[in-house]
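Protein chains: 4
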Amino acid sequence: MLNFVNDYSEGACPEVLRALVESNMEQLPGYGKDRYTRSAAERIARACGKPDAQVFFISGGTQTNQIVISTLLKQYQGVVAASTGHVNMHEAGAIEAVDHKVLTIPEVDGKLPAPALREFLETFWADANHEQMVFPGMVYISWPTEYGTLYSKAELTELHDICQQYEIPLYIDGARLGYGLVAPGTDVTLEDIANLADVFYIGGTKVGALCGEAVVFPKADAPEYFGTLIKRRGGLLAKGRLLGVQFDALFTDGLYTRISHQAIDTAEIIRKALREKDYEFFIDSPTNQTFVVIENSRMEVLRQQVNFDFWERKDADHTVIRFATSWATRTADAQALAELL
Amino acid sequence: MLNFVNDYSEGACPEVLRALVESNMEQLPGYGKDRYTRSAAERIARACGKPDAQVFFISGGTQTNQIVISTLLKQYQGVVAASTGHVNMHEAGAIEAVDHKVLTIPEVDGKLPAPALREFLETFWADANHEQMVFPGMVYISWPTEYGTLYSKAELTELHDICQQYEIPLYIDGARLGYGLVAPGTDVTLEDIANLADVFYIGGTKVGALCGEAVVFPKADAPEYFGTLIKRRGGLLAKGRLLGVQFDALFTDGLYTRISHQAIDTAEIIRKALREKDYEFFIDSPTNQTFVVIENSRMEVLRQQVNFDFWERKDADHTVIRFATSWATRTADAQALAELL
Amino acid sequence: MLNFVNDYSEGACPEVLRALVESNMEQLPGYGKDRYTRSAAERIARACGKPDAQVFFISGGTQTNQIVISTLLKQYQGVVAASTGHVNMHEAGAIEAVDHKVLTIPEVDGKLPAPALREFLETFWADANHEQMVFPGMVYISWPTEYGTLYSKAELTELHDICQQYEIPLYIDGARLGYGLVAPGTDVTLEDIANLADVFYIGGTKVGALCGEAVVFPKADAPEYFGTLIKRRGGLLAKGRLLGVQFDALFTDGLYTRISHQAIDTAEIIRKALREKDYEFFIDSPTNQTFVVIENSRMEVLRQQVNFDFWERKDADHTVIRFATSWATRTADAQALAELL
Amino acid sequence: MLNFVNDYSEGACPEVLRALVESNMEQLPGYGKDRYTRSAAERIARACGKPDAQVFFISGGTQTNQIVISTLLKQYQGVVAASTGHVNMHEAGAIEAVDHKVLTIPEVDGKLPAPALREFLETFWADANHEQMVFPGMVYISWPTEYGTLYSKAELTELHDICQQYEIPLYIDGARLGYGLVAPGTDVTLEDIANLADVFYIGGTKVGALCGEAVVFPKADAPEYFGTLIKRRGGLLAKGRLLGVQFDALFTDGLYTRISHQAIDTAEIIRKALREKDYEFFIDSPTNQTFVVIENSRMEVLRQQVNFDFWERKDADHTVIRFATSWATRTADAQALAELL
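Protein chains in written order, with my numbering: chain A, 213 to 553; chain B, 213 to 553; chain C, 213 to 553; chain D, 213 to 553.
Just to be clear, a hint being listed does not mean it is correct.
Copies of the same chain are indistinguishable here, so a pair counts whether it falls within one copy or spans any two.
To be verified - DSBU-like mimics (lysine-lysine), calculated; alpha carbons at most 35 Å apart, straight line:
id	residue 1	residue 2
1	Lys526	Lys245
2	Lys262	Lys431
3	Lys526	Lys286
4	Lys262	Lys245
5	Lys365	Lys262
6	Lys484	Lys245
7	Lys286	Lys484
8	Lys526	Lys484
9	Lys245	Lys286
10	Lys262	Lys526
11	Lys365	Lys484
12	Lys286	Lys262
13	Lys489	Lys262
14	Lys431	Lys286
15	Lys262	Lys484
It is worth saying that the hints were derived from the structure and are not from the lab.
Produce the entire structure from the sequences given, and follow the hints as far as they go.
Okay, structure coming up:
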């Protein structure tokens with residue numbers, strides 16, 4: 213059975229696993245005060261071109277979004293996101309559970325369009341009743357998006373400029389950041405992300421780690437006592453080393469982006485086959501997720517040999533499905549899928 | 213200056229005020245355990261045709277929505293509402309502040325369309341990922357709606373049936389309930405509301421009272437220790453009599469619906485004039501709110517003599533404005549406005 | 213039956229009621245933007261000797277505490293209170309419901325002792341693990357306390373100084389403020405309160421109003437968009453006039469303190485009788501609440517003719533009961549009780 | 213430098229690490245739907261003597277307490293705990309952050325005394341004002357306690373019986389459960405815990421795992437959609453296997469209790485030395501934590517060679533310190549410490 217169902221089917225990439233094994237019996241302070249965590253934070257800060265950046269590690273993406281959003285927003289504010297934003301759709305209400313509304317704007321290609329954002333903000337402030345409404349207090353995007361698409365540097369800059377104008381932070385969810393950074397055609401670097409976002413996270417869970425996300429405050433303006441705030445939300449691991457050791461490995465010798473290439477290379481093998489066989493793409497994604505329209509009976513046949521993700525019904529006879537690759541996808545598996553398509 | 217800006221510009225209707233004055237020096241137990249509150253609850257239950265109904269009094273509408281919704285929903289659920297629903301737009305995030313998401317469905321004539329609701333629920337339960345999403349746990353509508361429109365008995369019944377099928381409560385926000393009950397052409401009675409809603413509230417603030425809303429559980433299935441839950445949200449008045457006395461008066465000898473007629477009669481005077489003068493209605497409302505499209509220069513002239521509510525920009529040259537009437541609107545004022553139009 | 217069970221048994225004092233009646237049909241803006249609310253705020257600011265103070269009106273005490281505390285605390289902070297503090301004991305968890313811990317210190321005479329507060333703060337900051345604890349972020353006291361006792365000006369000053377030193381606000385709950393201001397022997401004025409507290413509220417519900425408390429920020433440093441924050445907690449009345457008109461009356465010609473005298477005068481009649489008849493006082497209160505130890509069989513006899521409040525069991529044969537007076541207590545009733553004792 | 217500062221200084225025990233390494237490249241479903249997680253749950257259920265028990269895995273202890281307590285309590289309830297309870301003191305307000313009060317009872321030997329609990333519950337229900345108070349809705353204890361002490365089977369049974377009588381669940385925090393189960397003199401087995409608790413968790417972080425706690429509902433009455441509730445609090449790992457694989461190893465061939473012995477054996481070496489050298493024990497603990505009173509100058513000398521935990525000041529000249537051992541403590545290190553004492 214070939215497996216393209218998601219990008220978190222395996223454990224850690226070998227170098228990360230080795231780092232865990234090698235450091236295992238070392239006695240280290242708890243709660244992220246160990247040397248690996250410190251080193252990981254420094255390596256990440258340097259990789260971002262922001263040596264003074266503050267970096268924190270949290271075990272999963274939903275928790276990261278929950279903590280970052282709830283600690284940066286003021287009580288009367290909500291977070292603006294595309295209607296398809298992960299925080300809006302697939303986190304079981306985690307943002308509302310910490311008291312904030314997700315203010316949605318219709319997505320285009322999985323992205324939050326800058327003109328729509330600008331209009332939303334203008335309309336809000338022009339509304340005579342806005343003091344009885346939820347104030348837009350932050351903009352959330354993911355890069356890559358839920359649909360695997362990427363904002364260009366120009367698009368990110370435009371969102372950044374709007375946020376600056378309205379004095380609200382731009383937050384980038386980078387659950388799959390590595391796959392965006394090495395995607396063909398992207399003009400965005402990690403340094404760009406660090407320049408354009410007020411806060412962002414570098415995803416580990418989907419890019420080589422067993423668990424863990426690295427939250428970066430490039431301007432070193434994290435909320436006071438951010439560690440306590442993480443603890444209060446149940447997100448502080450006693451053995452903080454588990455996250456520190458993994459990210460220290462991921463940001464040694466460019467491992468993070470190096471392993472990301474495999475996801476893109478295998479995705480390209482699949483997309484090449486799809487194009488050659490005249491499949492209709494649901495959306496044009498350059499990263500590790502490929503969304504394609506498939507005829508239902510064809511899908512049933514494929515299902516015998518391949519695990520993929522059901523995305524949505526297209527019409528009576530067609531379905532949108534997703535093939536996800538990752539750092540762990542074998543080239544041979546991608547080629548095997550290409551032949552089966 | 214003529215005033216049609218909203219339906220809460222005056223104090224209490226004379227009979228309600230008199231009841232407050234007459235009972236003022238009576239010594240009564242606190243926290244709603246007084247005889248007026250008990251009597252008001254009984255009168256309301258009888259008026260609903262549900263003598264065993266449980267009735268609670270809360271000082272304002274936002275607080276009522278916040279308490280009812282947060283005590284009826286399970287933690288993993290959200291409340292389904294029309295995109296224009298008051299809980300979604302104009303309560304400053306009060307629902308999210310108590311940890312729940314508002315799941316929105318595009319409105320039609322200010323209403324939540326039953327077919328769209330049905331599709332929303334079907335889609336949710338069919339989604340393989342629904343355990344990571346917010347479950348629809350309650351349906352919220354207002355009657356009349358934010359736009360002054362009314363669901364017919366057939367429409368309410370359809371919503372009720374869908375809720376029954378999915379085993380979730382139907383909650384009706386009746387901030388302006390009185391004005392709906394006496395609107396021309398409505399086929400819905402208070403008894404119908406009590407039969408079709410699992411919980412609803414009868415608005416006092418906008419219909420004759422100084423403050424206060426009456427929450428009705430027609431099936432007497434209020435959450436356990438509902439009074440404690442109100443207290444915990446800061447909604448329990450020490451002098452609960454303030455609400456009890458007012459609602460006791462409002463539900464004596466049909467005062468509540470009797471005073472509601474004046475709002476409709478005066479709104480009809482205005483609408484008749486608008487029709488005669490070929491104004492374009494923004495929406496066709498039979499209750500105390502009238503939404504009309506007005507040419508901007510005409511609006512500026514009118515503004516010299518009339519307070520009305522800005523609703524939204526229609527286009528470069530036109531604006532949607534609202535005239536609101538209430539139990540307190542004088543017939544002469546409505547006639548004066550009719551002439552000015 | 214004589215009634216001394218609490219201080220919220222009647223409606224409004226006559227002058228307040230008259231103001232409501234006289235302004236009733238005036239058309240006024242909603243949500244506290246009316247001229248009465250503005251006037252009330254100005255009168256209160258002047259009475260506090262702080263003409264620039266910001267004043268807000270909220271319908272009840274629990275809601276006021278909930279809103280003030282949750283908007284002033286940072287997320288990682290809790291509020292320090294005496295173990296007997298109202299916020300700790302009798303608000304159904306309203307502070308925790310808005311996410312904050314009440315950090316308790318054992319009371320002495322119903323008060324929070326300054327030395328214990330100082331030690332608590334010192335210990336917290338000296339604790340190596342304090343980043344995993346709830347930070348003390350505010351000090352809450354009530355004046356008068358739950359037991360009717362009063363902090364002297366020196367005691368308040370000491371608490372104020374400690375708060376200044378630790379850079380946390382001192383919040384005074386003045387649910388019964390009027391009764392403290394006119395109590396025999398107090399050396400504290402409203403101006404002192406305004407000088408020593410960072411935020412406090414002037415209780416209306418128990419001192420002449422139907423409902424309502426006035427929150428005062430003497431330094432005009434209320435949280436941004438405080439009105440929106442009140443709305444979000446369900447505390448903003450559409451007819452904000454209801455609170456504005458009442459407080460405007462209460463702070464015209466010294467009505468607030470004038471009516472407070474009656475509560476003290478009648479309490480003194482009762483206390484004089486208790487002293488003469490050698491009752492044991494449970495606590496020595498100079499305000500409108502009198503706590504006395506009574507032999508159980510004696511209590512049962514008294515209960516036939518008097519409503520009082522059960523406070524707690526003292527021992528097998530004795531009970532602590534409370535007699536509460538208010539602005540509405542008749543001198544004749546106090547004398548009648550004095551004879552029955 | 214000898215290290216006895218806490219019980220989470222190392223990574224995972226070798227067998228657990230090996231299981232992670234061996235399963236690393238296996239492709240498994242996410243979110244805890246993998247076969248290791250299923251197997252771990254089954255092994256734990258069997259070890260508890262409750263084959264039908266429901267078992268869930270969460271990454272850390274604070275998050276586990278936060279989720280269990282907030283999903284079992286009703287809104288108007290709080291959790292009863294000893295004043296020294298972890299949830300009360302050292303979780304940065306995580307329980308209040310999810311809206312619930314911790315109702316404290318003074319500890320005795322780090323334990324919640326059954327008679328005090330009984331009196332607390334009786335007093336609450338006898339209080340005429342209890343509807344304005346926080347209802348006791350659950351009892352939280354830890355086993356071992358914060359002080360390393362253990363409730364006997366008789367003590368647990370008494371707490372269980374009180375909870376049964378008041379129809380509230382008994383929740384046992386087993387962050388260090390393994391060390392209690394193998395402590396000398398304990399008469400409590402894992403089966404006893406499963407019989408006497410309504411819900412409990414088996415700590416992994418401090419007993420052999422990199423991270424992770426196993427929540428057990430022995431009566432299989434977990435809240436509906438518990439997985440969604442975990443997700444909503446940010447506690448659901450995409451790679452749920454990380455927890456499943458570890459607990460599957462820990463509950464294979466009795467590994468969990470087997471490794472726990474080392475912590476006790478080494479702690480006994482230390483305690484024997486302390487007794488021989490006439491140290492004063494701060495509290496008599498039979499588990500992996502040893503609290504001892506030490507003369508300050510002696511402490512300073514010791515500090516040169518040993519990491520231990522400062523607990524509290526005893527008096528001007530003495531301090532209470534803690535030595536913690538774990539599954540990873542080397543016998544030689546314990547002996548070295550014994551000689552240094």
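Structure-based check of all given hints:
Taking identical chains as interchangeable, the C-alpha atoms of Lys526 and Lys245 lie at most 35 Å apart only when they sit on different chains, with a minimum of 28 Å there against 50 Å within one chain. In the homo-oligomer, the alpha carbons of Lys262 and Lys431 lie at most 35 Å apart inside one protomer (8 Å), although the nearest pairing across protomers, at 39 Å, exceeds that limit. Within a single copy, Lys526 and Lys286 get their C-alpha atoms only as close as 40 Å, which misses the 35 Å cut-off; across copies the closest is 32 Å, which meets it. For a Cα distance limit of 35 Å, the shortest separation of Lys262 from Lys245 inside one copy, 21 Å, qualifies, whereas the shortest one across copies, 39 Å, does not.
Taking CA atoms no more than 35 Å apart as the test, Lys365 paired with Lys262 passes inside one copy only; the shortest distance there is 18 Å, against 53 Å between copies. When the C-alpha separation of Lys484 and Lys245 is checked against a cutoff of 35 Å, the pair qualifies only between copies, where the shortest distance is 32 Å, while the shortest distance within a copy is 47 Å. When the C-alpha separation of Lys286 and Lys484 is checked against a cutoff of 35 Å, the pair qualifies neither within a copy, at 47 Å, nor between copies, at 47 Å. Within a single copy, Lys526 and Lys484 get their C-alpha atoms as close as 22 Å, which meets the 35 Å cut-off; across copies the closest is 48 Å, which misses it.
Taking identical chains as interchangeable, the C-alpha atoms of Lys245 and Lys286 lie at most 35 Å apart whether they share a chain (29 Å) or sit on different chains (24 Å). Taking the shortest Cα distances, Lys262 and Lys526 never come within 35 Å of each other, neither inside one copy (45 Å) nor across copies (46 Å). In the homo-oligomer, the alpha carbons of Lys365 and Lys484 lie at most 35 Å apart inside one protomer (26 Å), although the nearest pairing across protomers, at 57 Å, exceeds that limit. For a Cα distance limit of 35 Å, the shortest separation of Lys286 from Lys262 qualifies both inside one copy, at 26 Å, and across copies, at 28 Å.
Taking CA atoms no more than 35 Å apart as the test, Lys489 paired with Lys262 passes in neither setting, with 45 Å inside one copy and 54 Å between copies. In the homo-oligomer, the alpha carbons of Lys431 and Lys286 lie at most 35 Å apart both inside one protomer (19 Å) and across protomers (21 Å), since each shortest distance falls under that limit. With identical chains, the CA atoms of Lys262 and Lys484 are never at most 35 Å apart, being 38 Å at best within one copy and 53 Å at best between copies.
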